[in-house]
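Participant: These protein sequence lines map, in sequence, to chains B and U. Adding 120 to a residue's 1-based position in the first sequence gives its number in this note's numbering. Adding 120 to a residue's 1-based position in the second sequence gives its number in this note's numbering.
There could be a bad hint or two in this list.
Identical copies carry no separate label here, and so any pair may be met within one copy or between two of them.
Calculated pairs, DSSO-like style, for lysine-lysine (alpha carbon to alpha carbon, straight line, at most 30 Å) [stated by the list, open to error]:
hint : residue 1 : residue 2
1    : Lys141    : Lys200
2    : Lys217    : Lys141
3    : Lys168    : Lys217
4    : Lys168    : Lys195
5    : Lys141    : Lys255
6    : Lys200    : Lys168
7    : Lys255    : Lys168
8    : Lys217    : Lys200
9    : Lys200    : Lys255
10   : Lys264    : Lys195
11   : Lys195    : Lys255
12   : Lys141    : Lys195
13   : Lys141    : Lys168
These are calculated hints, taken from the structure and not from any lab test.
There are 2 protein chains.
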Amino acid sequence: MARIAIDMDGVMADTTSHYLKYYEEEYGIRVDPATLAGAAEGEGFDDKEACRRYITSPGFFRTLPVMPGSQEVVKALYDKYEVFIVSAAMEFPLSLKEKLEWLNEHFPFISWQRVVFCGSKTIVDADIMIDDHDKNLRYFDGRKLIFSAPHNLHINDYQRVNSWEEVAAALLQEQLVKG
Amino acid sequence: MARIAIDMDGVMADTTSHYLKYYEEEYGIRVDPATLAGAAEGEGFDDKEACRRYITSPGFFRTLPVMPGSQEVVKALYDKYEVFIVSAAMEFPLSLKEKLEWLNEHFPFISWQRVVFCGSKTIVDADIMIDDHDKNLRYFDGRKLIFSAPHNLHINDYQRVNSWEEVAAALLQEQLVKG
């Protein structure tokens, strides 16, 4: 059974929407996500330190919105692949507990045995990786899917998926054809 | 640079001593660690549920004693190998924060990028693994060192190390010879 490593932030969780919401609450400005395109994560905002403040504040990770379609597709993947949730959570120690609670609430079918919180993802041994960060995909040895986010739209090195529907098309349809 | 995955509980942290201390505090009995030999972790005590209670109680992981010699040897390994600390912490969510604080206190030279908290360790890609549990070593693909603990003394499938001095002899001497 092929093993998939699935990222949380920006893939299962809609981090960009959450940034926009926090930013609007702080500054009263509704930023157009299109204006963030191509900038490194958080640096597309006028206040380039804002997102860093948000992700280090209690509650940010616990209240992240679920990425549309992710629950259904991760569930389907879970039945056909060895799914591991791999999050680079170690940089933000406060996030560990919140991320685990978030997973238990929104993806209760995922066993604790399939959850990995790490710093560098270079240690991950899997066949497929779904991630929104070039820094994680770059050192990975298997099939790479880049999940679209404003900060990665200029990267053309990997198979791009713009939504969970496209993940399903890439990884579940094939599976059916093979089976 | 070869990569080593080093376990925390029973390897960097002296879990057995901590069990014995908690048990003595609860029951007033100083258990001889020799009587635990060969039993599964925690099951060598008359009260077989005791250790499970201890590891799910706040503070247990934060106050673990450091395994003698581990600080010096892990430091030396850190300079010569790509060291990752890999702990199967996900079963006990309370332990995540405590384990990170414990690492920061006793092994401050270890970068957050080199810390992995997981459930199953099957996802770990490394060249060498030091662990006290057969269940972790069994599925590992590289060189395996079993760090002696009462619950593994009957296992003869891996290179055994009885102390951090023996880890140094196995992994640092060779390195010097090779270099």
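Participant: All hints, please: hold or fail.
Facilitator: Verification of the supplied hints:
1. Lys141 / Lys200: neither (35 Å within a copy, 46 Å between copies)
2. Lys217 / Lys141: Cα proximity of Lys217 and Lys141: in one copy and across copies (22 Å, 28 Å).
3. Lys168 / Lys217: both (26 Å within a copy, 28 Å between copies)
4. Lys168 / Lys195: For Lys168 and Lys195, the Cα distance exceeds 30 Å both inside one copy (36 Å) and across copies (36 Å).
5. Lys141 / Lys255: Close inside one copy (26 Å), not across copies (44 Å); limit 30 Å.
6. Lys200 / Lys168: Answer is neither: 41 Å inside a copy and 38 Å across each miss the 30 Å cutoff.
7. Lys255 / Lys168: Within one copy, since 20 Å is at most 30 Å while 46 Å is not.
8. Lys217 / Lys200: within (28 Å within a copy, 33 Å between copies)
9. Lys200 / Lys255: Both: 27 Å inside a copy, 24 Å across copies.
10. Lys264 / Lys195: Within one copy only: 20 Å inside, 34 Å across.
11. Lys195 / Lys255: Answer is both: 26 Å inside a copy and 27 Å across each meet the 30 Å cutoff.
12. Lys141 / Lys195: Answer is within: at 28 Å inside a copy they meet the 30 Å cutoff, but 44 Å across does not.
13. Lys141 / Lys168: within (15 Å within a copy, 50 Å between copies)
The structure fails hints 1, 4, 6 (numbered hints given earlier, in ascending order).
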